[in-house]
Amino acid sequence: MGTIRIRFILVALIVGFFAIGMSAFLNFFKYKSTYGTIVRERVLVVGRGIENAVQASLNVGLQFSELGTLQQLMVREMRADKLIVGMDIFDPAGQVIYSTDPERVKREVSNGWMQAAQRSKTTEWNVEEGGDVVAGISLKNNFDLTVGFLAMRYSKSYLDVAAQGVGREIFIAALAAFAVLFVVTPLALVFVIRRFERDLQVLETAVSHLEDGSVPPPATGSAFDGAIASLRESLGGIKGELDDVRRKLDAAR
Amino acid sequence: MIARLLLVLAALVVFAQPSEAQVRSKPLRIYAITFRGMTDVEKGFQDYFASRKIPVEITFRDLNRDASRMPGFIEEIRRTRPDLIYTWGTSVTLGVVGPYDAPDREKYINDIPVVFTLVASPVMAKIVADLKTPDRNVTGVFHVAPTEAQMRAMASYRPFKSIGVLYTPTEQNSVVIVDELRAAGKKMGFTVLAKPLHLDAQKKVTIDGAPQMVRDLKNQKADWLYLPPDSFLGTQAKAVVIPAAMEAGLPTFASTEQLMETGALSGLVSRYHSIGQFTAYKVEQILLNRIPAAKVPVETLTRFSLQVNLATAEALKLPPPLPMYNYAEFLGVDPAKAQ
Amino acid sequence: MLDKNYLWRIYWQLAGVIMASVVLALGVVSYFSHHVFDRELVPETEKKAITVGASLRALVLKATDYGTDFTQLYGVEQSFDEVFSENPEFASIAITDTAGKVLYARGKEPEAIRQHFAKPDVLSVLATPDVPRDAVRIGTQYVVSLPIVSPAKALGVLHIGIDSAFVDKVLLEVLLDVVVVLVVSLFFTLELLNFMAGARLASGLGEFTKQVERMRGGDFTPSGRMRVNDEIGRLLRWIDAAIDHINVRYEALAGELRNRIAESNPDARDKLKPAAKAMEAIRVSKKFGTGEVAPKTEETDLNRIRAPLFAFILAEELTRSYLPGYVNQLLVPIPGISPQVVIGLPIMLFMLIVALGQPYLGGWSERVGRRSAMLTGAVVATIGFIGTALAYNLYDLLLWRSLCALGYGMVFVASQGYVLDRTDTGNRAQGFALFIGAIMVATVCGPSIGGILADNIGFRPSFGVSAAMAFLSIVAIVRLPKEELRGPSMAPTRAPKLSEFISLMTNSRFMTLTGLAAMPAKILLTGVCFYLVPLYIVSIGNTQAMAGRMLMVYAIMMVLVVPFAATLSDASLKRERYVALGLIISGLGGFLMLFSESFLVLFAVVFLLGLGQALSIAAQSALVGEHCQEEIQKYGADAVYGVYRFLERLGNALGPLLASVLVVFWGYIGAFVALSGLAFFCGLAFAISMRFGPIHHQPPGATPEAPNL
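Protein chains in written order, with my numbering: chain A, 1 to 253; chain B, 254 to 592; chain C, 593 to 1301.
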């Protein structure tokens, strides 16, 4: 009794591998996205402070391009949180107007930023491009015209380091779970398989004794009882008939 | 007819060769008529074009509250044929385009796009029949925040169950607003105590008795005194209504920037500068994006300024709620502190 | 008694045990994950709390700057509420004065927190405001404390409590996906049991049962088969041996009888009469010998199609929930066509190629051989998937998707042919059940897993997974038996001729069935499931995984209801009712969208759609045979069914097109309602036309026919 049992156990292990793998995968990515969200929300809190300042200035009639104190404010906010690498404010055409890094002013931001900003259904957006992770806020004026975008760049390695560590641990957990499965499932399966195998064994024993005319085995309650009885009956029947012929032949002698 | 043909031609040209606003060499010629001299609206109007690098050539004319000057302006418009006319306020606008159901259209400008600004209720004034599609050569910007938005702003300062209103019964505009208030009250669950100002023997409205009305409102448990965009009330707010309310300890909520300047506690108003920018945006849509004025909706700002007079707040012992410090604009403080 | 049911019982027991241990293992993973999440997420959330606290503090300082007294602030709780709504993991916020007395507080406070506020250690932040403090665990919360200090003097302390249970919530959100994984695992288990162990077992036990039945009926001809060397094989060999012995004995007796009759005199012959009579009786009632052993195919061969088919269909099904989203990303504006329609284009093209290719691919796969045809198809599709994953923009995407479609058509038709070749009228239905089963399971597993993949690893890598699945199917196809089998009775299949198309399409009886039932059902299916659901779900801010779950609901409905409905409608012989009812039910769902736009309603829509389709799908094609007897006699079943299938698949292609155009004009909700309305009214019209129209009942005489999904 081997091949069937091994096959069943193999199925269990494959399914277990799939399920555990998927669940580890899900947990890992959930971690990654939750962690990313927490960090992004933190960056956005800082961003909203700046948005408020811009909004207040626009409200009192200052032009978007002449917000003199904005750059200092951005630098101050950036220094307050080590996570933030830099901040830029760019206009709807993609040109940087203010930046914590003076070299970036007048440069064009990447297309990916523009797309992310335009595709977002709210005023907040985010994008991951190259080595930059960016959380952004669209700045709108009093009649809902987007006058510019605030982009906060923060450290990707900060996110990666956390993800790697957790990824490793979840991987180990998944291995442990698989180990549990490896031990438990064959044991549990054996119970079910044994009944099946017993049924088959009873059948085999019964069938192997079909011809020696031994007493019928007692009904075991297995699913095959009926079949065995039927087999015995048909074999017995034909044997009886052949025996009858034999007898008659002998009698004719 | 010719103008319309020209417009079609112009549209064809634009269609064939989409021109960028910025590269336009010939400045847009705008003829602007103000009501009482230059305001922040005109500044916002010009700032917008400057920031978008759109060259404009604006001819300013001031009515100076004198309707007799209007025919001269009309004549000048017919002679110089500007690209567009800018009109400030209801009287100027009506003087240029007339009500939509006016019998003699000859008196008015019908063939040059007109963009109005600072009209409190364009439908009421019969400037346009429908805000979404003006359906004539006129569009523009109105400046009063929707009544419901004002009520919500008021409630976010201090929740209320009942508001008092003083209004001029002879001003159609004010009567309508009182109706709107009642409707909003039904929806949001507050009562409206509306008191019309007295009329004198000549059936002219008078401010006499207003202080008593304010006291009555306080006694009737009004939580706020609402100041509608009422022309007569506006002239009397600073001298009579606000002092009476302060005396009675009744907070006042203003519907316009002028009323805020009279010392009301708080108000949801349109900044003139923003209104001017929005008006310029409409001009851009008509002249550069070639959308006929008849199809440009009449709108107001989507975000208003919530203003608070801190001195009034202190006197009434009603400090603004904490979240408001994030977005409100405080009057009566030195600007250094405000930043 | 002893039949496939027995085996299924065993399978279910096995699956139960496997599921139980998988759940256990998942529990282990979740436990560890929770531990890690707790350790890693809490400090990060504390950092966020500090930033949020700092902005709240700035607000308070701004208010006091304007002259408001720190103890007289108004609406502080409102600000706290705003913080709660933006940061659901924060449970409590409080501001105390410099002595630790609470001035403003909101949220659910743990018991000992007020004492904590007054502790000198906590208040010491006021003395050194620049030194950051670690969070302190009080009861169920981690409390972060920030000093509020104006340039003039210390004012008080701000405390934010983070709910320690927020990590549980995060993991709970994963749970929904884990449940999906479990359901998929269950189907995988059954599929794998069937594939790895079951195929042989099933055929072995089937063989055994047949043998028993044969013997009971008196048939003792030996099977003449090779027996596999496993448990069942041994069993069958025992029986074979017994039968052989009987045969030998019979032959021996018969020979002896013959000899003795030949040798003996008439007197002795008389004596032999009883024996001869008995022998004759046996000869008449029983069958012996070796002569009639037909070289029957092993049922195992049939079963072997299941694995490659499953893997291949799965590759395509994986993409269902996110393909529109991917197209959206690669969109290039095509002048004159709305982007909505462009998004539907690749799906439409796919369906169109499958529809157009079907009639010709059948004959082709016969010529080149089923196995080679499948192999070609799988290779073509694999290339298509790889290309899709690397697509540059919409235009080359269309090319890659066409390859996928071509491959899909090839594999589908060839494997259908494979089943046809290996079955006869007796077991054809069973063969197709197998075929459908593999597709169904793939439909359940594919979209849900695909959605999860797309959400987490992105669109392109997900197509990579599809490519890998398609490649796996190549490997499985290679292992299929090389020899081709053709039933001698079968005429080569042919594509319907144009003249047949025309005369059938102008035949009102045929078109009532096709135009009012089959096509609207397919339009609704592809329009809603493959186009609207994935796009709408994402447009209301939900995920591709949610779209996948929706499609899974549909598939599960099909799996659960189809066999049931098929039996019922066959038994009742009132198939028209099932078709009409199915259409009406599937159309009803869309109207729900008028009441609410929530995604929960969408579940109901998909549920009803699945239920409706499941009710009618089996009855539909049977009705063709039932009602179009005349046409079948005139043009042949191949032609009638060919045209029917073609039009049905055309409906598949029309669905996304129609849906996208509707979205342009009426928005998503409008499109849902309009498509559903179409199915609903077609259902009504069908019901009416059955009563009064060209269709009238004829005695059933349908032959089993290839299924369509």
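If you're looking for bench data, these hints aren't it; they were derived computationally from the structure.
Please note that a few of the clues may not be correct.
Claimed, not checked - Restraint-style ranges between C-beta atoms, simulated for each label pair:
(1) Arg1283(C) x Ala229(A): 22 to 28 Å
(2) Asn317(B) x Gly928(C): 15 to 21 Å
(3) Asp144(A) x Lys414(B): 42 to 48 Å
(4) Pro721(C) x Ser157(A): 29 to 35 Å
(5) Gly1050(C) x Ile544(B): 38 to 44 Å
(6) Val771(C) x Val183(A): 39 to 45 Å
(7) Gln425(B) x Ala757(C): 45 to 51 Å
Claimed, not checked - When the alpha-carbon atoms are kept at most 16 Å apart in a straight line, the in silico EDC-like pairs for lysine to aspartate or glutamate are as follows:
(8) Lys306(B) x Glu66(A)
(9) Lys548(B) x Asp364(B)
(10) Lys878(C) x Asp244(A)
(11) Lys248(A) x Asp862(C)
(12) Lys879(C) x Asp250(A)
(13) Lys30(A) x Asp760(C)
(14) Lys32(A) x Glu632(C)
(15) Lys865(C) x Glu66(A)
(16) Lys869(C) x Asp243(A)
(17) Lys82(A) x Glu848(C)
(18) Lys654(C) x Glu582(B)
(19) Lys248(A) x Asp661(C)
(20) Lys30(A) x Asp630(C)
(21) Lys570(B) x Asp661(C)
For glycine and all other residues, C-beta sits at the position ideal for the given N, C-alpha and C.
- Could you check the structure against the hints above and give me the numbers of any it violates, in ascending order? Those not satisfied are hints 1, 2, 3, 6, 7, 12, 15, 17 and 19.
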